[in-house]
Amino acid sequence: MFDLLLAGIENVLHLKYLVPLFLGTLVGLIGGALPGVTITMTIIIVLPFTFGLDPLQGLATMTGVYVGGSAGGAITAALIGIPGTPSAITTTFDGFPMTQKGQPGRAIWLGIWSSCFGGLLAGIFLIGATGPLAAIALEFGPWEYFSLFVFALSMVAGLTEGSLLKGLLAGVIGLAITIVGSDPIMSVPRFTLGTEFLRNGFPFLPVLIGIFAFAQLMTDIEKMKGSEHAAAPIKAPPLTVSHLSVLWEIFSRPFLLAWSTLVGILIGVLPAIGGSAATVMAYDQAKKFSKHPERFGKGNPEGIIASEASCNANVGGSLVTIMAFGIPGDAVTAVMLGAMTIHGIQSGPLFVSQHPQIAYGIYAAYLLAHPLMVLICAFGARLFLRVVTVPKSMLIPNVLVLCVIGAFALNNIMEDVVVLLLFGLVGYALVKARFPLAPLILGLILGDQIEVNLLRAIMSDANPWLFITRPISGFLLALSVASVLFALWQHRRQKGRTREVDQEPDF
Amino acid sequence: MKVLTAAVAGLALFTFANVQAAYPDRPIKMIVPWAAGGDTDNIFRPFAPALQKALGGTTVVIANIGGASGTVGAREAKGSPADGYTLYAVHDYIHLTYYTGMSDVSYADFEPVCLIAATPSILTASPKTKWNTMKEMVADAKANPGQISVGATLGSTSHFFPAMVEKAAGIKFKYISYDGLAQRMNAILGGHIDLTDGNLTQKGKVDAAQLKFLAIATEKRSPELPNVPTLKELGYNVIYSVSRGLLAPKGTPADVLSKLEGACGQAAKDPTFAESMRKQGTDVHYLDHKGYAEFLKQNDALNKDLSRDLGLLKR
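Residue numbers (the numbering used here), protein chains in the order written: chain A, -17 to 489; chain Z, 124 to 438.
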């Protein structure tokens, strides 16, 4: 196994792969650092530009974006107190107070080094666990897959902030979009309005770009109104720091680092939970285990370590689930899975054994992205701060243009751009109505798979009770019910505590 | 920000600049209408670099567009511009999905480029089944009609081959839709289906005792598999192989076609390609534009008869 990994690393160290990986990490860091540009959006925008590359080049780029994006959020979070990505929110709790106390360098480097170590530790897990997990995945028949997808959808709908009903509805809307086009088994056209274009259904990426990127950018524009210069005049604070003392701060807390990493990995492996949940949970746990919980929120290094280590560990965990089961963890991993499919990779139980070169190439890219990320930060942290202060009135139009080019570049046809605009409007309306988008995307991704596995199960055996009587399938369905009940209970409890809270749309 | 703008502008130029240069001047997309890791993919993946070399280095990108028994990719290929920048990796299923009414795309919607390979079918069983020979399987099938599950791309070659076995042996299977060999392999290794249409691309798994080959559908035993009996010697007169070639959308200019045909002929002789075909138990079987056109016509009539014989003809 380790000789394969070494070969993978040696392979990725070639300029052919190293350059895409480097660029991906860089773009990811920038995207992650920019408030309002999420990792999901960055990945969506980068993806079409990797089509011309060979599969490993493309996937190295995407892995870089994913890793870089997860770390990049920390920079903005620590320096200006705005999470660059939703998962960095817990980093603001202690990172920003630390900056305010005059230690911005310490704050961001604690974040970056913790990301790096959390990610690397998770990487070791990733390599060790994919094989055994794939063996388990092989035991999954159509019943189990169907139930697993249902579980994933109900989890993500239940865990989103805001209304459970809207979460579930968003999932259903996602599923409904996949009904359009030929059915996946007998190729019967459905809702195609007689057009040839819709015979193959709505093209996946334009829909994704529309719903996610367009809708969020539109809301951002709306929020701007004149207040945009409020955050602009940030003087670049001194970022000097003793790396040794920061590393000591991290390694003198091995338990914290290991525990946060573990939390990140576990949340990552479970389908459909995602990065924000990982960091919030790790932060919460760190606070509970700490001897001085009262110091949290006032610039405690432990808060930053827990948040950032779990954030990048989550990336490793979710890559395992994508590779072994072919199931996305959240919106980001959903797009990563799409990226693999586009690059001709059928992830699933046989992926690692059939394509060891690509699988270990991805492992290697994942591991190498971490030192690259640290390296880029060492040179570029100050510059990132400049990027962050780019007025949104300039940033947003540029990102919008990139979205349209990305959609067009897929097949060089205008229909894709029309789909993008259409779903941009749909997404915008949904955001306005406070629908969470993550369940929608998951529904969109899993729609075909749910249908195919349901049909296969019925074709294999007409007895519908098998969904419940087969142990793994029944267990997963029970979990789905439990997750919805849990969400109901939690929402009720929250309602009791807080009245109307102005909630950000969940990306 | 300037950098970003410059990058966007550069990219735009890169995409739109030299549209009018000599063919081929930009990457060629080869549509494989099944998932990566399937047998068609396994055959065209080593062919792509050989073709690329023969075309003077023009990148050939494989696009796996799977779904609905390969008809999604077929439709995509039919709708692509006829400029030689989209090729369509095809096999006999194109006739079958047309006659079984799965799809309204027919071979006549394309220009033949070349035929490259023929792969004999092998009846393949899951490691979790209790039979080790064809005889035991047939006995079991006779005792439990309609109980043995076969994973197949419905209406395609992997449906037809077991259907021919069914007819020859007088037994009845139950069919479950698994598009493409890659998906069928996941299912058969986990024991979720009992039988499938396999081929020598899966020999590695048989050697590792993860799969069982019951019988091969050739005239004589394959030198790669001396221990696997032919269906014919077992008394079932079924000879079946899948022929794979390249098509281009109808209306592709003649000069582009002849350039592609030439490159294809050169690529079919490529020693690396030949070696990887040998490993996969596939015969390199090259036919040029004209020969392939003739082959397609005959094959189409043959498959129509086959569909009628098996009671699957819908048009």
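Take these hints with a grain of salt, some might be off.
Derived DEER-like restraints, expressed as beta-carbon distance ranges [as the list claims (entries may be wrong)]:
(1) Q389/Z to S375/A: 52 to 60 Å
(2) L226/A to D148/Z: 48 to 56 Å
(3) F418/Z to A460/A: 49 to 57 Å
(4) K414/A to G269/Z: 30 to 38 Å
Below, simulated PhoX-like cross-link-like pairs (lysine-lysine); rule was C-alpha separation at most 25 Å, straight line [as the list claims (entries may be wrong)]:
(5) K(-2)/A to K326/Z
(6) K355/Z to K253/Z
(7) K152/Z to K(-2)/A
(8) K382/Z to K355/Z
(9) K326/Z to K402/Z
(10) K176/Z to K290/Z
No wet-lab data here; the hints were simulated from the structure.
Cβ coordinates follow ideal geometry from the N, Cα and C atoms, glycine included.
Is K176/Z within 25 Å of K290/Z, Cα to Cα? 45 Å, violated
Quickly compare the C-alpha distance for K152/Z and K(-2)/A to 25 Å and report which way the hint goes. 21 Å, holds
Keeping to a limit of 25 Å between CA atoms, is the pair of K355/Z and K253/Z held or broken? 23 Å, holds
Per the hint of 52 to 60 Å, is the separation of the Cβ atoms of Q389/Z and S375/A within bounds? Hint holds: Cβ distance 55 Å, inside 52 to 60 Å.
Next pair to validate is K326/Z with K402/Z; report whether the Cα-Cα distance is within 25 Å. Holds, because 9 Å separates the two Cα atoms, which is no more than 25 Å.
Mind checking the alpha carbons of K382/Z and K355/Z for me, to see if they're no more than 25 Å apart? 41 Å, violated
Given the hint of 48 to 56 Å, check if L226/A and D148/Z actually sit that far apart at their C-beta atoms. With a Cβ separation near 55 Å, L226/A and D148/Z satisfy 48 to 56 Å, so the hint holds.
Range hint 49 to 57 Å (beta carbons of F418/Z and A460/A) holds or violated: 55 Å, holds
Are the Cα positions of K(-2)/A and K326/Z separated by 25 Å at most? With a Cα-Cα distance of about 33 Å, the restraint between K(-2)/A and K326/Z is violated, given a limit of 25 Å.
K414/A paired with G269/Z, Cβ distance criterion 30 to 38 Å: 54 Å, violated
Against the hints set out earlier in the document, violations occur for numbers 4, 5, 8, 10.
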